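Given only the sequences and the hints, what does the whole structure look like? Please build it.
Those letters in the sequence shown? Residues 0 to 66, by numbering that gives the first Met the number 0.
No lab work stands behind these hints: they were computed from the structure. Hints may contain errors.
As the list claims (entries may be wrong) - Distance windows between CB atoms, simulated:
no., residue 1, residue 2, range
1, A29, G51, 24 to 30 Å
2, A58, L18, 16 to 22 Å
3, F26, E55, 29 to 35 Å
All values derive from a computational prediction rather than experimental measurement. Virtual Cβ for every residue (Gly too), placed ideally from N, Cα, C.
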Amino acid sequence: MKEKNNTVRKNQMATLAALLLFVAATFQIADDKTLLGVVFFAAASCLSSLAGIYHEREARTGSGIGQ
0 MKEKNNTVRK
10 NQMATLAALL
20 LFVAATFQIA
30 DDKTLLGVVF
40 FAAASCLSSL
50 AGIYHEREAR
60 TGSGIGQ
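Rendered as structure tokens:
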């Protein structure tokens, strides 16, 4: 059962990190630090994709909470 919670936690942490990086990218671009904002945006996109992969793998194996 600990493994199930660990997989969900990876998904949640990747999603939260992506959200924070998107917010940071927005503030960097608004502060005229475009290059740094683009780097943050790219990192957020990668983490968002990783969260989607974790979620898809979790749904495919049926190891989510509530199952």
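Verification of the hints:
no., hint, result
1, A29 / G51: 24 to 30 Å, "holds (27 Å)"
2, A58 / L18: 16 to 22 Å, "holds (21 Å)"
3, F26 / E55: 29 to 35 Å, "holds (30 Å)"
Figure legend: structure checked against the earlier numbered hints; every hint is met.
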